[in-house]
Amino acid sequence: MKISFPHMGHSYIAFKWLVEHLGHECIVPPEPSKRTLDLGVRYAPEFACIPFKILMGTYLEVAEKGAEVIITSGGMGPCRAGYYWVMHQYILNELGRNVEIIAFEPPLCDLKDFWKKLHRLRVSGGLSVKAFIEVIKTTWEKIKAIDDIEMRSHEVRPYEINRGDTTRALWKALDMLDKANSVKEIEEARREGLEVINKVPRDLSRNPLKVGIIGEIYVVLEPAANHYIQIMLGEMGVQTDRSIYLTSYTRKNTIYNLEGDVFAIARPYIKEAPIGGHGVNSIGETILFAKHGFDGVVQLAPFACIPEIVAKSILPKVSKDYDIPVLTLFIDEQTGKAGVQTRLEAFIDLLEKRRESRKRERLVV
Amino acid sequence: MKTGYLGVDVGSVSTNIVVIDEKGEVLSARYLRTNGKPIETVQGGLFSVGEEIGNKVEIAGVGTTGSARYLISMIVGADIVKNEITAHAVAASAVVEGVQTIIEIGGQDSKIIILRNGIVTDFAMNTVCAAGTGSFLDQQANRLCIPIEEFGDYALKAKNPVRIAGRCAVFAESDMIHKQQLGYNTEDIIAGLCEALVRNYMNNVGKGKEILPPVVFQGGVAANRGLVAAFNKYLGVEVIVPKEHGVMGAIGAALLAREAVKKTGKTNFKGFNIKEINFKTDSFECNGCSNACEVVQFYENGELIARWGDRCGKWEMSTR
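Taken in sequence, the protein lines are chains F and X. Every position in the first sequence, counted from 1, becomes a number in this note's numbering once 84 is added. Residue numbers are given in this note's numbering: position 135 of the second sequence equals residue 121, and the series is strictly consecutive.
Bear in mind the hints are in silico, worked out from the structure with no lab data behind them. Be a bit skeptical, because a hint or two may be false.
In silico DSS-like pairs for lysine-lysine, Cα to Cα no more than 25 Å straight-line [to be verified]:
| # | chain 1 | residue 1 | chain 2 | residue 2 |
| --- | --- | --- | --- | --- |
| 1 | X | Lys193 | F | Lys401 |
| 2 | F | Lys443 | X | Lys249 |
| 3 | X | Lys195 | F | Lys375 |
| 4 | F | Lys437 | X | Lys266 |
| 5 | F | Lys355 | X | Lys195 |
| 6 | X | Lys266 | F | Lys421 |
| 7 | X | Lys229 | F | Lys294 |
| 8 | X | Lys193 | F | Lys404 |
| 9 | F | Lys404 | X | Lys195 |
| 10 | F | Lys283 | X | Lys300 |
| 11 | F | Lys401 | X | Lys195 |
| 12 | X | Lys193 | F | Lys437 |
| 13 | X | Lys248 | X | Lys9 |
| 14 | F | Lys421 | X | Lys300 |
| 15 | X | Lys143 | X | Lys229 |
| 16 | F | Lys355 | F | Lys294 |
| 17 | F | Lys256 | X | Lys300 |
| 18 | F | Lys443 | X | Lys248 |
| 19 | X | Lys248 | X | Lys42 |
| 20 | F | Lys118 | X | Lys300 |
| 21 | F | Lys437 | X | Lys195 |
| 22 | X | Lys(-12) | X | Lys42 |
| 23 | F | Lys355 | X | Lys193 |
| 24 | X | Lys9 | F | Lys437 |
| 25 | F | Lys421 | X | Lys23 |
| 26 | X | Lys42 | F | Lys437 |
If you want a taste of the chain F side facing chain X, the calculated C-beta under 10 Å gives, among others [to be verified]:
| # | residue |
| --- | --- |
| 27 | Pro114 |
| 28 | Arg247 |
| 29 | Gly248 |
| 30 | Thr251 |
| 31 | Lys401 |
| 32 | Val410 |
| 33 | Ala422 |
| 34 | Leu434 |
| 35 | Lys437 |
| 36 | Glu440 |
| 37 | Lys443 |
| 38 | Leu447 |
All figures in this text were calculated on a predicted structure; none of them were measured in a lab. Glycine is no exception: its CB is placed at the ideal position from the N, C-alpha and C atoms.
Just chain F, same shape as in the assembly:
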């Protein structure tokens, strides 16, 4: 089968490897562009949020390239994104595109359905159960390595002397990972890739601010949807960490895992969890970033996203209680980055002034 999937940051490198090693042909989804957006906006319902529109555009682009099957995630609601794949399928049918969407729901919701879909992918690719498990394991290693490398790039970028060096090093490192074909090769590529990033000429005398990125999963994970915010902030001299990585929940070194249940942390502010999407996470994660000494938090919310709107109206209280400034950016069709840049620059000014005045206070004490 010719298989494709949504574009989310650099994860396509691992998913491409997965599809190919399951014995299928991979149609790699292009990075969301102006054309993706045009297509998506044209065929999506007007009131749908930006993730729906970008995915719609991506699906139409991969259908053009001959994709027969698109693999995506469901989510079972209660945020409307859980049913997006149903809508996408409906629109694709209506447009006469011969594409089938296979959506994986969380295995615990419907184990039988989950196995049935996996079984179909395995058998049609002609793999034994053992080989299949091996391929999945290797893919997982690849995703972890991609995340490791990306995280390191966000740590290094604020120190770079020549703008763009870190991003170019990141591309080089990802390219190495792309070529790795076994767990051993992935480990080597990971190590060499990290080295490439660590070799970027740096000015270690800088003392970068630390900003956490929270919000809805798609706009947090896809740089093309969020104006490449982590790169933008990095080039302004700010270190960033984000709440969501595909591998977050298996890690020991992300704050997400150090503190346990994010819902429990958010509970003093919102009892009726879950409210859908990543709304409750946004509240809990702001608290976590504050506890871990971050200077500020940027919330990324698709325009009209209900879970993030609920979170936004609770965040001022969290912000006050934990003494951490929060900037909310609503994301829609606009591609001009000047407006985002202005807000981020002002936010950084605010954080810097705060840090200076705290330092002064400490000196007085």
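Using the hints, position chain X against chain F.
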């Protein structure tokens, strides 16, 4: 010769140029329409400021702000380039001591800035809606054939402001037209619009912000007395409109320039007579990768002096 500091604020609708002295007093100010031509507007504006005070004042520092701040910094030779949120906060703090809230409404955007003990602690800026900004008011004044300068005074004459939907500029306009066709008088409709805009502002950018006095209202729209009255009514406090409310961004940029040159000890100012210099920009699409960045090239008298717009930094650096 007196020492002065130049601030230039180039926004979507207006271009403001001020020169302040060492104490922050305004020596000269220009409030001009950008008319979609930021470079020519700044060249012309600077020339006229130069004619007025050029032989009495020596410029010791230059700051630029507004959405064209980077472009204009190249033209005037700025010592500091700052976003308009910070610039507005700096100016308001200098003009009104102890200011805790700033309401700023300009041509295409509206913002709220919260300060405590002289430090910005929170701010918000409209993201996806332009209802309630200067451009919308301009358009409505035009539609009713009332000069924008008198628009606010009409509102003050109203006896019974009618309710207008302020959530969205398009809905507000159709609501206004419906009320006008039903026979409500213009004064009451304009007053209703002012109240609707304040409601929208408070619900949109002002949501969740702790608004404490003194409240300063600035930006071009602060000239509208109808809106000032509507804010007073809604907030229950008298908002302060500074004398130079229309050019506060430029004053902020000039104040920041004063700070900046204290550290560097010199200015990059190119002089008032930049009208003689030929500035030109063009752009091309880079084919280096799938991003297809549109790279802008900036020429001074035919010589390429800067490039920007590339995401990776490849072109930006090649000019150094």
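Now for the hints, and whether the structure bears them out:
no.: 1; hint: X:Lys193 / F:Lys401; result: 12 Å, holds
no.: 2; hint: F:Lys443 / X:Lys249; result: 21 Å, holds
no.: 3; hint: X:Lys195 / F:Lys375; result: 23 Å, holds
no.: 4; hint: F:Lys437 / X:Lys266; result: 37 Å, violated
no.: 5; hint: F:Lys355 / X:Lys195; result: 23 Å, holds
no.: 6; hint: X:Lys266 / F:Lys421; result: 23 Å, holds
no.: 7; hint: X:Lys229 / F:Lys294; result: 39 Å, violated
no.: 8; hint: X:Lys193 / F:Lys404; result: 15 Å, holds
no.: 9; hint: F:Lys404 / X:Lys195; result: 11 Å, holds
no.: 10; hint: F:Lys283 / X:Lys300; result: 19 Å, holds
no.: 11; hint: F:Lys401 / X:Lys195; result: 10 Å, holds
no.: 12; hint: X:Lys193 / F:Lys437; result: 24 Å, holds
no.: 13; hint: X:Lys248 / X:Lys9; result: 14 Å, holds
no.: 14; hint: F:Lys421 / X:Lys300; result: 19 Å, holds
no.: 15; hint: X:Lys143 / X:Lys229; result: 23 Å, holds
no.: 16; hint: F:Lys355 / F:Lys294; result: 29 Å, violated
no.: 17; hint: F:Lys256 / X:Lys300; result: 15 Å, holds
no.: 18; hint: F:Lys443 / X:Lys248; result: 22 Å, holds
no.: 19; hint: X:Lys248 / X:Lys42; result: 21 Å, holds
no.: 20; hint: F:Lys118 / X:Lys300; result: 22 Å, holds
no.: 21; hint: F:Lys437 / X:Lys195; result: 20 Å, holds
no.: 22; hint: X:Lys(-12) / X:Lys42; result: 6 Å, holds
no.: 23; hint: F:Lys355 / X:Lys193; result: 22 Å, holds
no.: 24; hint: X:Lys9 / F:Lys437; result: 23 Å, holds
no.: 25; hint: F:Lys421 / X:Lys23; result: 20 Å, holds
no.: 26; hint: X:Lys42 / F:Lys437; result: 36 Å, violated
no.: 27; hint: Pro114; result: 7 Å, holds
no.: 28; hint: Arg247; result: 4 Å, holds
no.: 29; hint: Gly248; result: 3 Å, holds
no.: 30; hint: Thr251; result: 6 Å, holds
no.: 31; hint: Lys401; result: 8 Å, holds
no.: 32; hint: Val410; result: 9 Å, holds
no.: 33; hint: Ala422; result: 6 Å, holds
no.: 34; hint: Leu434; result: 5 Å, holds
no.: 35; hint: Lys437; result: 5 Å, holds
no.: 36; hint: Glu440; result: 9 Å, holds
no.: 37; hint: Lys443; result: 13 Å, violated
no.: 38; hint: Leu447; result: 16 Å, violated
In this structure, the hints that do not hold are numbers 4, 7, 16, 26, 37, 38, in rising order.
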